[in-house]
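Protein chains: 2
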Amino acid sequence: MHCVDKNIIDTVVEISLNNIVRRKGGPFGAVIVDSGTNEIISYGANSVTTDKDPTAHAEVNAIRKACESLGTFSLTGKTLYTSCEPCPMCLGAIYWSNLDKVFYANTKTDAAEIGFDDSFIYDEINKEKSERKIKFVQIECKEAKEVFKIWKNDKDKVEY
Amino acid sequence: MHCVDKNIIDTVVEISLNNIVRRKGGPFGAVIVDSGTNEIISYGANSVTTDKDPTAHAEVNAIRKACESLGTFSLTGKTLYTSCEPCPMCLGAIYWSNLDKVFYANTKTDAAEIGFDDSFIYDEINKEKSERKIKFVQIECKEAKEVFKIWKNDKDKVEY
Numbered sequence: 462m463h464c465v466d467k468n469i470i471d472t473v474v475e476i477s478l479n480n481i482v483r484r485k486g487g488p489f490g491a492v493i494v495d496s497g498t499n500e501i502i503s504y505g506a507n508s509v510t511t512d513k514d515p516t517a518h519a520e521v522n523a524i525r526k527a528c529e530s531l532g533t534f535s536l537t538g539k540t541l542y543t544s545c546e547p548c549p550m551c552l553g554a555i556y557w558s559n560l561d562k563v564f565y566a567n568t569k570t571d572a573a574e575i576g577f578d579d580s581f582i583y584d585e586i587n588k589e590k591s592e593r594k595i596k597f598v599q600i601e602c603k604e605a606k607e608v609f610k611i612w613k614n615d616k617d618k619v620e621y
Numbered sequence: 462m463h464c465v466d467k468n469i470i471d472t473v474v475e476i477s478l479n480n481i482v483r484r485k486g487g488p489f490g491a492v493i494v495d496s497g498t499n500e501i502i503s504y505g506a507n508s509v510t511t512d513k514d515p516t517a518h519a520e521v522n523a524i525r526k527a528c529e530s531l532g533t534f535s536l537t538g539k540t541l542y543t544s545c546e547p548c549p550m551c552l553g554a555i556y557w558s559n560l561d562k563v564f565y566a567n568t569k570t571d572a573a574e575i576g577f578d579d580s581f582i583y584d585e586i587n588k589e590k591s592e593r594k595i596k597f598v599q600i601e602c603k604e605a606k607e608v609f610k611i612w613k614n615d616k617d618k619v620e621y
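Protein sequence lines, in the order shown, are assigned to chains G and X.
Here the first sequence is numbered in my numbering, starting from 462 and rising by one per residue.
Here the second sequence is numbered in my numbering, starting from 462 and rising by one per residue.
Read the hints as simulated data drawn from the structure, not as lab findings.
Some hints here could point you the wrong way.
Copies of one chain are not kept apart here, so a pair can be met inside one copy or by any two copies together.
DSSO-like, lysine-lysine: derived pairs with alpha carbons at most 30 Å apart [to be verified]:
id, residue 1, residue 2
1, Lys569, Lys618
2, Lys485, Lys467
3, Lys618, Lys590
4, Lys485, Lys588
5, Lys588, Lys569
6, Lys590, Lys616
7, Lys616, Lys588
8, Lys616, Lys596
9, Lys594, Lys467
10, Lys485, Lys513
11, Lys467, Lys606
12, Lys610, Lys562
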């Protein structure tokens, strides 16, 4: 079982501090390491406001950089360290990238206390779609289902 | 109230079909439009396998392109059309980008039936962290809390 390396926790917290001192974005840092050796593969810091990209959270940036560096869309065998509990977007990115494990410092409640919506978005997920702040409306479309069938029956597709 | 434009649903389904025919990625397409005029601002198609980026879902790609095109990290006043119900990662991106509304065709259950983990990831969110497939472990760190306090008290920060 992969154990936590406290030095890497210190590193992600340092990234989060440098990020606000340098006015690059929110107070969040992340690092991806090899689960076996703890060798660092990528660093990420929140850059939403400077990159003008709402998806540029520390974890997403670290995942995208690790994949670019390794030339793969799967991070099996890798562990994410982050200065704060991942929001639903980052949690999804963690699952899609097949990371082994996540170590985090601050919680989503800590994030809520300094004005971030992480906890709010988690609450929204469990609401009826019609009760959410942002409405999600399904439109029946048989052509869309046809496309899914073509994908399912395609023997040459690249799965992920 | 913004009503659905069936032509735009047809467009996102066409994007999803072209995407698999051209072997660019999974069977998913998205479009972002102005909520008032329905003018198209950006297009997105899934490019996970060709960009080697697990975050490159149709919705995330469309959001990033719209923000780049408009020079902003907020898509207030914009609506997302997508060929499939957004996964938790894309739902998070939708909230962080402040979109008005989402119209989608296929459901997360349809996605599960052709081998995608959308529904599985939604289920994981509500599990105890110790019961999840990917373990999320909190490491107490007072320095991390200090960074959050610095952010909270910073009067010159750029909020998002």
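Hints, verified against the model:
no. : hint              : verdict
1   : Lys569 <-> Lys618 : between (38 Å within a copy, 20 Å between copies)
2   : Lys485 <-> Lys467 : within (25 Å within a copy, 40 Å between copies)
3   : Lys618 <-> Lys590 : neither (32 Å within a copy, 33 Å between copies)
4   : Lys485 <-> Lys588 : neither (34 Å within a copy, 34 Å between copies)
5   : Lys588 <-> Lys569 : both (18 Å within a copy, 16 Å between copies)
6   : Lys590 <-> Lys616 : neither (35 Å within a copy, 36 Å between copies)
7   : Lys616 <-> Lys588 : neither (38 Å within a copy, 34 Å between copies)
8   : Lys616 <-> Lys596 : neither (36 Å within a copy, 33 Å between copies)
9   : Lys594 <-> Lys467 : between (39 Å within a copy, 23 Å between copies)
10  : Lys485 <-> Lys513 : both (11 Å within a copy, 26 Å between copies)
11  : Lys467 <-> Lys606 : between (48 Å within a copy, 16 Å between copies)
12  : Lys610 <-> Lys562 : between (33 Å within a copy, 27 Å between copies)
The structure fails hints 3, 4, 6, 7, 8 (numbered hints given earlier, in ascending order).
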